[in-house]
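Residue numbers (this note's numbering), protein chains in the order written: chain A, 1 to 113; chain B, 1 to 112.
Honestly, the hints are just simulated from the structure, not real lab data.
Hints are not guaranteed to be accurate.
Restricting the straight-line Cα-Cα distance to at most 27 Å, the calculated cross-link-like pairs of lysine-lysine (BS3-like) are [claimed, not checked]:
1) Lys26(B) <-> Lys56(B)
2) Lys14(A) <-> Lys57(A)
3) Lys99(B) <-> Lys71(A)
4) Lys71(A) <-> Lys57(A)
5) Lys11(A) <-> Lys71(A)
6) Lys99(B) <-> Lys57(A)
7) Lys70(B) <-> Lys56(B)
8) Lys69(B) <-> Lys56(B)
9) Lys57(A) <-> Lys26(B)
Some chain B residues well away from chain A (every beta-carbon gap over 12 Å; in silico) [unchecked claim]:
10) Thr67
11) Thr77
12) Pro112
The structure displayed is predicted, hence computed values, not measured ones.
C-beta: ideal position from N, C-alpha, C; glycine also.
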Amino acid sequence: DTGVSQNPRHKITKRGQNVTFRCDPISEHNRLYWYRQTLGQGPEFLTYFQNEAQLEKSRLLSDRFSAERPKGSFSTLEIQRTEQGDSAMYLCASSPQSQETQYFGPGTRLLVL
Amino acid sequence: SQQGEEDPQALSIQEGENATMNCSYKTSINNLQWYRQNSGRGLVHLILIRSNEREKHSGRLRVTLDTSKKSSSLLITASRAADTASYFCATVATDSWGKLQFGAGTQVVVTP
Numbered sequence: 001d002t003g004v005s006q007n008p009r010h011k012i013t014k015r016g017q018n019v020t021f022r023c024d025p026i027s028e029h030n031r032l033y034w035y036r037q038t039l040g041q042g043p044e045f046l047t048y049f050q051n052e053a054q055l056e057k058s059r060l061l062s063d064r065f066s067a068e069r070p071k072g073s074f075s076t077l078e079i080q081r082t083e084q085g086d087s088a089m090y091l092c093a094s095s096p097q098s099q100e101t102q103y104f105g106p107g108t109r110l111l112v113l
Numbered sequence: 001s002q003q004g005e006e007d008p009q010a011l012s013i014q015e016g017e018n019a020t021m022n023c024s025y026k027t028s029i030n031n032l033q034w035y036r037q038n039s040g041r042g043l044v045h046l047i048l049i050r051s052n053e054r055e056k057h058s059g060r061l062r063v064t065l066d067t068s069k070k071s072s073s074l075l076i077t078a079s080r081a082a083d084t085a086s087y088f089c090a091t092v093a094t095d096s097w098g099k100l101q102f103g104a105g106t107q108v109v110v111t112p
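Working from the sequences, and respecting the hints, build out all of it.
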């Protein structure tokens with residue numbers, strides 16, 4: 001049973017660098033979500049894909065953030081010119097069209113120095 | 001911004017005791033879900049209750065929903081040390097396709 005996987009699990013970068021995270025959802029899940037979670041808080045929605053179409057982006061997703069899901073399978077989240085405020089856990093989740101439950105990956109923890 | 005608030009922020013109990021946590025939200029919802037998160041890891045879905053339901057059970061979990069008060073509660077009966085985790089409620093708004101809006105969570109510690 002392969003759940004949602006995310007890579008890398010941890011990333012340390014210097015301010016101003018670009019980073020890219022990958023999410024592999026459960027196969028045949030056509031919905032994919034990205035969330036961001038800071039310490040002591042609940043996850044906050046970033047963006048949503050249905051198949052390859054990005055249907056909604058949060059206002060949290062500044063123009064330095066971009067997400068893709070080119071073939072409706074895996075997704076990437078890129079942050080350009082990272083800032084210290086980008087330090088957080090980035091969570092990916094997927095779900096099938098027929099379900100409202102979301103299945104979360106283990107997250108990528110980003111630290112911007 | 002967070003959808004609502006959870007109460008208490010932290011809860012410390014002994015094994016065998018019951019743990020109750022509450023969640024309030026702001027918008028009209030399609031459903032409300034509870035998730036668990038072990039330290040530094042991803043979230044695991046526990047239970048979903050729809051807006052037309054008032055109570056739901058799953059194993060040692062009991063969830064209630066009061067849409068007139070825009071609130072929900074999660075009860076864990078006969079707690080175990082393995083229940084130590086953060087618990088989050090998340091709502092799906094009526095005009096939403098499934099986006100989850102989370103509360104800030106309740107951190108539960110169960111001591112043996």
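For each hint, the structure was consulted:
A distance of roughly 21 Å separates the Cα atoms of Lys26(B) and Lys56(B); the hinted pair therefore holds under the 27 Å criterion. For the hint linking Lys14(A) to Lys57(A), the alpha-carbon distance of about 26 Å falls within 27 Å, and the restraint holds. A threshold of 27 Å between alpha carbons decides the hint, and for Lys99(B) with Lys71(A) the separation of about 21 Å falls inside it, so the pair holds. Simply put, Lys71(A) and Lys57(A) have alpha-carbon atoms about 19 Å apart, close enough for the 27 Å limit, and the pair holds.
Straight-line distance between C-alpha atoms of Lys11(A) and Lys71(A) comes to about 25 Å, which keeps the hinted pair within the 27 Å bound. For the given pair, Lys99(B) sits about 11 Å from Lys57(A) by alpha-carbon distance, which is consistent with the 27 Å threshold. Proposed proximity of Lys70(B) and Lys56(B) is supported: the alpha carbons are some 16 Å apart, at most 27 Å. In summary, the hint linking Lys69(B) to Lys56(B) is supported, as the alpha carbons are separated by about 17 Å, within the 27 Å threshold.
For a cut-off of 27 Å, the pair hint linking Lys57(A) to Lys26(B) stands: about 21 Å separates their Cα positions. A cut-off of 12 Å between C-beta atoms confirms that Thr67(B) is not in contact with chain A; the least separation is 17 Å. The claim that Thr77(B) is not at the interface with chain A holds, since no C-beta of that chain comes within 12 Å of its own (minimum 22 Å). Residue placement check: Pro112(B) keeps its beta carbon more than 12 Å from all beta carbons of chain A (closest about 25 Å).
Checked against the numbered hints given earlier, this structure breaks none of them.
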